[in-house]
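Asks: Residue numbers (UniProt numbering), protein chains in the order written: chain A, 1 to 528; chain B, 1 to 316.
I should point out that these hints are in silico values taken from the structure, not numbers from a laboratory. Where hints are given, some of them may not hold.
What the hints assert, rightly or not - Per the computed footprint, the stretches of chain B lying under chain A, defined by three or more beta-carbons under 8 Å from a beta-carbon of chain A, are:
(1) 28-37
(2) 203-209
(3) 277-287
(4) 290-301
Unchecked claim - Cβ pair distances, simulated, as ranges:
(5) Gly211/A <-> Asp58/B: 39 to 45 Å
(6) Phe355/A <-> Gln46/B: 29 to 35 Å
(7) Leu141/A <-> Asp58/B: 41 to 47 Å
(8) Phe172/A <-> Gln46/B: 35 to 41 Å
(9) Lys56/B <-> Phe355/A: 44 to 50 Å
(10) Asp58/B <-> Ala181/A: 19 to 25 Å
(11) Ala181/A <-> Ala104/B: 32 to 38 Å
(12) Arg344/A <-> Ser78/B: 56 to 62 Å
(13) Arg344/A <-> Arg292/B: 30 to 36 Å
(14) Phe355/A <-> Arg292/B: 15 to 21 Å
(15) His205/B <-> Ile121/A: 37 to 43 Å
Where is the CB? At the ideal position from N, CA and C, for every residue including glycine.
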Amino acid sequence: MALVTNGNSIKDILDMIDGLKEDAVAAQEVLVDIDLPSLRQIASGVIDRLGGSLQFVFAVDERPGSDGFSLHHVFGISARHCFLHVRSEVPTGSLEFPSLTPILPSANWHERKIADMHGLIPVDHPDPRRLVLHEDWPDGLSPLNYDFDASRPVPRVAGEYMFQRIEGEGIFEIPVGPVHAGIIEPGHFRFSSIGEKILYLELRLFYKYRGVERYLQGKSLLGGVLAAERISGDETVANAVAYCQAVERIAGIDIPERAKRLRAVLQELERIHCHLADIAGAATDVAFSAGAAKAAILRERVMAINETVSGSRFLRGVIVHGGLRRDIDNGASRGLLDFADASRNALNELKSSIFDRSSVLDRFERTGALSKSNAVDLAVVGPVARASGIPTDARIDYPYGFYELYPLEIAVRNDGDVAARVRIKFDEIERSLQIIEDALCDIQSGDICAKDTSLPSSGHGLGWAEAPRGLTLCWVEIGDDGRIVNCRWRTPSFNNWPALPYALEGDIVPDFPLVNKSFNLSYAGNDL
Amino acid sequence: MEALLQRAIIGIGHVVLVLLVSPLMVNLIKKIKAHFQCRRGPGLLQGYYDLWKLLKKDAVISEHASWIFRATPYVVFSATLLAAAIIPAFTVLPPIGRVGDVIAVIYLLGLARFFTALAGLDTASSFGGMGSSREMMISSLAEPVIITALFVLAITAGSTNLSEIISSSLTSGYMQPSYLLILLALLIVVIAETGRVPVDNPATHLELTMVHEAMVLEYTGRDLALIEWASSIKLMLLLTLIANVFLPWGIAREITWVFMLSGIAAIVIKVTVLASIIAVVESSTAKLRLFRVPELIGGSFALAMLALILRITGKG
Numbered sequence: 001m002a003l004v005t006n007g008n009s010i011k012d013i014l015d016m017i018d019g020l021k022e023d024a025v026a027a028q029e030v031l032v033d034i035d036l037p038s039l040r041q042i043a044s045g046v047i048d049r050l051g052g053s054l055q056f057v058f059a060v061d062e063r064p065g066s067d068g069f070s071l072h073h074v075f076g077i078s079a080r081h082c083f084l085h086v087r088s089e090v091p092t093g094s095l096e097f098p099s100l101t102p103i104l105p106s107a108n109w110h111e112r113k114i115a116d117m118h119g120l121i122p123v124d125h126p127d128p129r130r131l132v133l134h135e136d137w138p139d140g141l142s143p144l145n146y147d148f149d150a151s152r153p154v155p156r157v158a159g160e161y162m163f164q165r166i167e168g169e170g171i172f173e174i175p176v177g178p179v180h181a182g183i184i185e186p187g188h189f190r191f192s193s194i195g196e197k198i199l200y201l202e203l204r205l206f207y208k209y210r211g212v213e214r215y216l217q218g219k220s221l222l223g224g225v226l227a228a229e230r231i232s233g234d235e236t237v238a239n240a241v242a243y244c245q246a247v248e249r250i251a252g253i254d255i256p257e258r259a260k261r262l263r264a265v266l267q268e269l270e271r272i273h274c275h276l277a278d279i280a281g282a283a284t285d286v287a288f289s290a291g292a293a294k295a296a297i298l299r300e301r302v303m304a305i306n307e308t309v310s311g312s313r314f315l316r317g318v319i320v321h322g323g324l325r326r327d328i329d330n331g332a333s334r335g336l337l338d339f340a341d342a343s344r345n346a347l348n349e350l351k352s353s354i355f356d357r358s359s360v361l362d363r364f365e366r367t368g369a370l371s372k373s374n375a376v377d378l379a380v381v382g383p384v385a386r387a388s389g390i391p392t393d394a395r396i397d398y399p400y401g402f403y404e405l406y407p408l409e410i411a412v413r414n415d416g417d418v419a420a421r422v423r424i425k426f427d428e429i430e431r432s433l434q435i436i437e438d439a440l441c442d443i444q445s446g447d448i449c450a451k452d453t454s455l456p457s458s459g460h461g462l463g464w465a466e467a468p469r470g471l472t473l474c475w476v477e478i479g480d481d482g483r484i485v486n487c488r489w490r491t492p493s494f495n496n497w498p499a500l501p502y503a504l505e506g507d508i509v510p511d512f513p514l515v516n517k518s519f520n521l522s523y524a525g526n527d528l
Numbered sequence: 001m002e003a004l005l006q007r008a009i010i011g012i013g014h015v016v017l018v019l020l021v022s023p024l025m026v027n028l029i030k031k032i033k034a035h036f037q038c039r040r041g042p043g044l045l046q047g048y049y050d051l052w053k054l055l056k057k058d059a060v061i062s063e064h065a066s067w068i069f070r071a072t073p074y075v076v077f078s079a080t081l082l083a084a085a086i087i088p089a090f091t092v093l094p095p096i097g098r099v100g101d102v103i104a105v106i107y108l109l110g111l112a113r114f115f116t117a118l119a120g121l122d123t124a125s126s127f128g129g130m131g132s133s134r135e136m137m138i139s140s141l142a143e144p145v146i147i148t149a150l151f152v153l154a155i156t157a158g159s160t161n162l163s164e165i166i167s168s169s170l171t172s173g174y175m176q177p178s179y180l181l182i183l184l185a186l187l188i189v190v191i192a193e194t195g196r197v198p199v200d201n202p203a204t205h206l207e208l209t210m211v212h213e214a215m216v217l218e219y220t221g222r223d224l225a226l227i228e229w230a231s232s233i234k235l236m237l238l239l240t241l242i243a244n245v246f247l248p249w250g251i252a253r254e255i256t257w258v259f260m261l262s263g264i265a266a267i268v269i270k271v272t273v274l275a276s277i278i279a280v281v282e283s284s285t286a287k288l289r290l291f292r293v294p295e296l297i298g299g300s301f302a303l304a305m306l307a308l309i310l311r312i313t314g315k316g
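My request is simple: use the sequences and hints to build the entire structure.
Replies: In structure tokens form, the structure reads like this:
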């Protein structure tokens, strides 16, 4: 349950958070209503004095039930293990809200997405171009507003995206994508380079908009699980867990211990296969095919285990609000333990085949270094943040489920380069194997789903999980009829994509694919 | 008259051998690499099937392309094949008579490269120009190495003719310090010139990292077949050159059927061994960062230069 309070100065909020320290830890979501004009002041206070980071900004169209839009800023306050959910009202008749981007660069894409989805205008935003909806989308059609008619096809209009122009002697542009030679998701990259050196990279993504958030309006809670699992293929479990935990927090459902443990097992399996695919990709990108094959073989073993455990290679259809839909029986869990044991050797062998090779190290080290200050400013999450020296991990910062009581030590490295990111992934696979063993070794038999999953009343709340790519956040609002009224998502890729160009400072064009691979960002997960 | 017929048979046989064996060598490398990746890999004949498939297809050509783009596959293919025809493979006799020497080989390969680079620029695609610029950077470094290395051989043999060079290495021996140095230098340059790992990666799908593949990205159908075939011939001819100069065993010194057949067997075996070495190198190393390539080729140039000094001062 979220704690609700009113506050219009940062002092009120600080006092309140200090006063509610113990409860806040339990609640993990502190909801504050503020007046829109004091937003900037409060935001900078939260960042400076509470050490928070702006993780998620979204708007909700409150019409026709009430007037106008509500605006939600979610700050992660890792020191207090809670999220500060700051809610404000955009005044009736007005479509403007103050942009936080000039003081908090991490607000950039969130605010542009709100502009596209609701037609709201972030005032003083330094880059008010379209983001999610490209220029062929007609003006004035806002897909998340109540008056948008999703049943009719949207007409296409003429329009041109204006790329940032870098001009000067010897500078040329290299456009890449959105269609690529390999089997990659669509994304356009516009390099301004001088010789091979990258001067500037502009990302143009969002070719995969499916209207997930719109689709979810009015869906049943189970429909929400199915959609969550399909936001991004290799984040199936993490997104489903985030969504289900939001629902469970709203309904006050406490899931059984066995379900908590098995959910952790599933999440770690997902982390392992996702990281192994990344390692294989990084080796492929430096043309070290033998190492790539080793990683791919190991990943395939994980996928096969996934299938025996859950019936799905991507672990779909297992998680549901209240717990699990399918148990992992003793035979399968013994198989998992044997697998975890056997994987350690294979993993060490893979690690040394990659990191004992100077030609590979020469490509990985000092390539694509993301500085800690840039990572902090952009609220970067997940392994990318941990490779740049930021000890952030939702399993520790905002503990949930099995991790609440689990003594997890996260891996942090400081170099911020490709080597650091690949090493972090190896470290995390080792820890994930350990978590699987610890979760399964003394697991008790029992229920896998809470008996009573009915909803006491309508409500709204945040849910989160540490996906392989980092913190994934969702906000769910449930109506009196027990159906979803609104749902908003912020996957880790949405926070991490804007950091990619900063990691490329001083790098050369042919190193871009490797750096991009080491970030491993989802295009679909980024573009609901 | 009979001598003329003999020469004609040798010449035609040589060209047919090069045409037929070269796709096999490229495929052999793929097969060995697949083995290192725990894969089965394509069948050994896959290279021929691919060429046959491509040759039957129409080429799609950009409407912005000029005659250079259309002419390039033919120029590249014929220049490379002619260069291959100059290098003795299974007999010490010059296969197509004394029409050219090592310098002609270098220039013919240069001609092919020049046209490939122009064709890369011609369609004005973003990757073609990038590939051309990288190819020119690499070849401007690699060419001096080849020239220097071949000069060492020419000074030893007293001739730039390849038959004389091979004969000289057969008679006066190849276990000389300068020969070992240029063997190393040439092996590095062959890898660079044929676009193999660690200089280039022929198997990549990442356009931004490509060198040779980026230049020929726009080619399709039979044009692509000619380009692919030409690059496998180039690999074959460079490996033949190394095989016959540094390991001249088994090459036919007399024109009899027995010598010829054993000569053919010898060159196929030697080239197979060299191609396997390339495959092992490709499987055990990562591709170099682009700006490390000059260091590698610079090293091979130093080796070739050292060999030249040793040779001129008469110490090796």
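Asks: Hint by hint, say whether it matches the structure.
Replies: Hint check:
1. Note: the region 28-37 of chain B has 3 residues with beta-carbon separation from chain A under 8 Å; the three-residue rule is met and the coverage holds.
2. Check on the region 203-209 of chain B: 7 of its residues sit with their Cβ under 8 Å from a Cβ of chain A, so the three-residue criterion for coverage holds.
3. Only residues whose C-beta sits within less than 8 Å of a C-beta in chain A count toward coverage, and the region 277-287 of chain B has 6 of them, enough to reach three; the restraint holds.
4. Restraint check on the region 290-301 of chain B versus chain A: 3 residues with Cβ-Cβ distances below 8 Å, three needed, restraint holds.
5. Judged by the Cβ atoms, the range 39 to 45 Å given for Gly211/A and Asp58/B holds: they are separated by roughly 41 Å.
6. A C-beta distance of roughly 34 Å is found between Phe355/A and Gln46/B, which places it inside the suggested range of 29 to 35 Å.
7. Restraint check, Leu141/A to Asp58/B: a C-beta distance of roughly 43 Å satisfies the suggested window 41 to 47 Å.
8. Evaluation of the 35 to 41 Å hint for Phe172/A and Gln46/B yields a pass: the beta carbon distance comes to about 38 Å.
9. For the pair Lys56/B and Phe355/A, the supplied restraint of 44 to 50 Å holds, since their beta-carbon distance comes to about 47 Å.
10. At about 21 Å, the CB distance of Asp58/B to Ala181/A agrees with the hint of 19 to 25 Å.
11. Take Ala181/A and Ala104/B: their Cβ atoms lie about 36 Å apart, and the range 32 to 38 Å holds.
12. Range check, Arg344/A to Ser78/B: about 57 Å between beta-carbon atoms, so the 56 to 62 Å window is met.
13. Range check, Arg344/A to Arg292/B: about 34 Å between beta-carbon atoms, so the 30 to 36 Å window is met.
14. Distance hint check for Phe355/A and Arg292/B: the Cβ-Cβ separation is about 19 Å, which falls inside the suggested range of 15 to 21 Å.
15. Restraint check, His205/B to Ile121/A: a C-beta distance of roughly 42 Å satisfies the suggested window 37 to 43 Å.
The structure is consistent with each of the numbered hints, conforming to all of them.
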